[in-house]
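For the record, the sequence lines run as chains A and B.
If you use the working numbering, the first sequence corresponds to residues 1 to 579, in order.
If you use the working numbering, the second sequence corresponds to residues 580 to 1210, in order.
Derived by calculation from the structure, the hints in this document are not laboratory data.
Warning: the hint list may mix true and false statements.
[Unchecked claim] Here are some, though not all, of the chain A residues that point toward chain B, as calculated from beta-carbon distances under 10 Å: (1) S264; (2) C272; (3) M319; (4) S323.
[Unchecked claim] Residues from chain B that keep clear of chain A, each with C-beta distances beyond 12 Å, as calculated: (5) T654; (6) D673; (7) L746; (8) D751; (9) A769; (10) E772; (11) C799; (12) K1008; (13) G1024; (14) Y1037; (15) E1050; (16) N1095; (17) E1157; (18) E1181; (19) E1196.
Treat the numbers as computed from the prediction; the structure is a model and nothing was measured.
Glycine included, every Cβ here is placed at the ideal spot set by N, Cα and C.
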Amino acid sequence: KQRDSRNHKQSGDSTECVAEEASLILDEMAHRLQLSTVRFFVFTLSKAFKRLFRSVCVNEEGIQRLQQAVQEHPVVLLPSHRSYMDFLMMSYLLYMYDLPLPVIAAGMDFMSMKFVGEMLRMSGAFFIRRSFGGDKLYWAVFSEYVKTMLRNGYAPIEFFLEGTRSRTCKSLTPKTGLLNIVMEPFFKGELFDVNLVPVSISYERILEESLYARELLGIPKPKESTSGLLKARRVLSEDYGSMYVYFGHPVSVRSLTEGKITRSQYNLLPRCIPQKPSADTHEFLNDAAFRLVRIQEENMVLKPWVLIATLLLQNPDGMDLSSLAEQTDWLRHLALAFGAYLDWPDHEACSEVISCSLALHRHLLSVSAGHVQLSVTDAPQVESTPEEAVFHQAVVVLSCASYRNQILHVFLRPALLAVAMQSANSNRKDDVYNCFNFLRNMFSNEFILCPGDSVQDFEEACYLLMKRGVLQVLEHEIVMSASGHSTLAFLSSVLDPFLQGYQVVSRYLCEETNENLTEKEFIPAVRNFALKLILAGRLKCYEALSSDLQKNALAAFLRLKAVRKVKVTYQVNFEGLVL
Amino acid sequence: MTGRGCDLHQSPAESLTSDSKHGSSMASSSSSSSAQQRLRIIAGHLQKRPEDENASVAAQECKAEAPRSEPSSATPVPRRRQEIMKWNGWGYSDSRFLFNKKGQAEFTGKRYRLSGLILPSLKDWFEGTFGANLQHRSPATPSLNLSAVAPPNLNQPFVEDLKAAGLTVSHDPEDRVFRAHGHCLHEVFALREGRIGRVPDTVVWPSCHSDVEKIVELACEHNVCLIPYGGGTSVSSALECPREESRSIVSLDTSQMSRILWIDEKNLTAHVEAGIIGQDLERQLNERGFCTGHEPDSMEFSSLGGWVATRASGMKKNIYGNIEDLVVHIKMVTPRGVIEKSCLGPRMSTGPDIHHFILGSEGTLGVVTEVTLKIRPIPEYQKYGSVVFPNFQQGVACLREVARQRCAPASIRLMDNEQFQFGYRSQFKGFDPQHLCVATLLFEGDRGKVLQHEKQVYDIAAKFGGLAAGEDNGQRGYMLTFVIAYLRDLGMDYYVIGESFETSVPWDRVLDLCRNVKERIVRECKERGVQFPPLSTSRVTQTYDAGACVYFYFAFNYRGLSDPVHVYEQVEHAAREEILANGGSLSHHHGVGKLRKEWMKESVSGVGLGMLKSVKEYVDPQNIFGNRNLL
């Protein structure tokens, strides 16, 4: 494990110093998998899981595939990350199915939790610092540690492509660092192949639901602590519905790289010397990461509530139960036609299904006289300032949005096309495509859109809408069918909150900023700006308050060079350019 | 020009070494035969001409009818090779494997140690490994169908000029077909099916350097394509006539240029015509008490010129060096004239070594006619040995350590478990028969040093869990590799096709490369519809300071496939890609030929390839040497 430290004498330190430092890093990082701890964990977890969830559903053919894959080549598990429960559940399931327990790359913040950190360590977690940009030794020790485990076939490696829990339940733009590390033993010929297994974990109700919403609204995330977890015991008394774990088909790194990576580029350096990925490799990794996240998205099991939440968000003034039932049914068929993986109970009336869902999520709703509306239910009804009221409502909206977000990937491409058609002012295919491409480009920090797939995405959107009879795609023109209006209207309102949110950010940058806006000030300032607009009644979109959206918008504007980042000694300032 | 180094198409060294039936034993481990050998060395000295006492240089005139004083005159390979060799398989016509009526394997003929023996367990191994069945035969076309050979496309004035110059020329279809192929699987497979592609239109046999000069001059004058032919043991499609060649193709067979022109005992060099084949060279030198020590496994058939033209490697290179280390002087006839150095100095600093344009040129620049080689006195003592290791990893680690300590014996080879299972049925206590592997060793030198050396190597082996497994097992290993080429012909009688290929690779990648390539072969076979698991095995055959030479053997049962050769070629192609991706070289000693041309640029860079092309452009602007190998 320490063979790499030799190569890291660049700082002029003595070899012993470096070796010592490396072994300290290793101590801090390494897991100490102990079966007794795992058994203890499993015991407590199975109790906890039984109280939390009505059911945990696993695709058993996926488990069988995994069993097969583990026999063949080293396996890397890539679960989606929505909750702390994710990796606990992963280890629990693998244990229950008699599969080798994974070692998990976990953020260092877990480690600082007393006792639990050590417990996690002993059940197979190893800890990595959240950021170690400049620390070459840390990177070297870390990557060698992971690769050694992989090469020895010691245990499956598990990490989160998204890097952190998605607070919005939208998949996050994947990180490629760890992916490169687990692929490198294949690139360098040390392994014949590596199997990547994307795992999609979805929750009918997320434990951290309101926590996330608060965090997005700027109420800081509590530091991970044991006492925090104990307080979370309160959650044990609540009903979180079902949980779904879908193990995807193993993706062979060998077949993924075929024709894309020239492995012989690694021939000229001793393999123990760390190499930065070449431009080609980097592009490949990025592309592969996006594709894997797309697989995660596609395999995500969705509950009826996701459809209901989508509709309720589009109707802020609420809906009658009957029309909700009718529209949910319509949306269900649309979603299915677009390939959504929907867990809709068989042989149950639509209204039945809806009332079940509403019951589970009653804390976000008010139901009276057959009318459903998103509203604050558990907040203290005592007098509060208008700002507080907005925030309370925003918590509900963002919580609800986190469910709608789970199905966004299904509607995303047709929705982009729908908006493009509205704004293109032309039926010409070229114009629509240009518009589509612009939107796609702008939202590529917001949604998982594989780089370079613009044409495919466009064609996919056309195909889906054509299949639904919404559009007619001719050689040079795209024409809306007579019956397509409602579908297109629905689809464009799916993207509406994001369009409005981005508009708010750009208005802020144009109207409000002085020359020296620092990166740190940006989020609170935009939030304030949006809040004022809402209070003044000029903005109805609560999602504009989400820091996630604001960050994504800024990143997009930076990428599109509408905004420029200037480094002033230790400050980062932005200059708004023409938008 | 052809020639190949170690391994697959090996000639049983026993025919040259310790085969009692066959006489001329070079050395063996028993003290009685080493005494015999010393006697022979002395006899060789005694038989020398008296003037050799003063001048040990014995020059011979070109065109001399027979060597004047060679004690046993060398009979060259006959012009009509097909009289003693198979036209559609490996080696001598009288030697082949077959399953007799009782279903037992036997090896026919009298030439080899195995000849006339019954091999009772071969059938089980054969059926078990390949899923083959003796009931399912795929026999070869018994004889060459002459009507399948296209009539020669003759350049009449050229042929007449050749005849006028007194050169032996043939247009006989059998002669031409014999020189149209090497021993790649697809070449032999096509012959067995009676399919004949483009063949040379003329065969010409020069008998000395000046004959070659004449031929090349006439070829330039009449614009015909010359393809030099040495031993015909190429495994790189080097001898295949290019389809796109519209000129008359002339095969220049060097077999009649096979004399040792002089031996210089003071400098320990010998000047030899390039058409001589390995076993004749070694035998004749032995008779004078010398050897070159260059023993590629094809040495029964491959020629000196072929070795030079392909950068051949010999089994005992650890003592004697590879061909580039052995060569002191080379004479080559090119369309531009003769290229050679002006002296026999052992090393020169005169710009890039022009020998390295010739070594590995694969017949694209000219014909190597005469070579001055280093020679050595025959070693006093030779001893085989073997070591079993618990697994391949340990074996490789041991070979690496031996290389690190620079104490490799004359030959050290490590076979993997699959090859062990083929060659040995022995049980070794405490070793898992599914993992153990064996290294075979050959020590050479004076007796005391050999024994000391042997101990050093066995001590290293012990550190890696290796257990000495005796001389017999070592010798058996070398013998078995020698018959594999004959075994391939047996396989082809029963729906089994196979081939070997080689590479060189840095030490730290040896294990990974072996595992990945073997697995790639298995996987590709499966994906391409091969019904039975293939034999996919590897061995380490040479050690160097910085790496090793690795050999792969690959064979499968092709029943149920409509185009087995195509499947075979796809799998081999994939395996080569895998080798290159794992840091292996394009070839260690088989050469590039036409089979591996597509990877040349990747292997030597665009600039490197351009340099080679510009040499070709200067030396042979008309592309007279038009075999289209390499570039």
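Do the hints match the structure? See the list:
no.	hint	in the structure
1	S264	holds (5 Å)
2	C272	holds (8 Å)
3	M319	violated (55 Å)
4	S323	violated (55 Å)
5	T654	holds (48 Å)
6	D673	holds (44 Å)
7	L746	holds (47 Å)
8	D751	holds (46 Å)
9	A769	holds (31 Å)
10	E772	holds (34 Å)
11	C799	holds (40 Å)
12	K1008	holds (29 Å)
13	G1024	holds (35 Å)
14	Y1037	holds (30 Å)
15	E1050	holds (37 Å)
16	N1095	violated (5 Å)
17	E1157	violated (9 Å)
18	E1181	violated (7 Å)
19	E1196	holds (28 Å)
Hints 3, 4, 16, 17, 18 from the earlier list are contradicted by this structure; the remaining hints agree with it.
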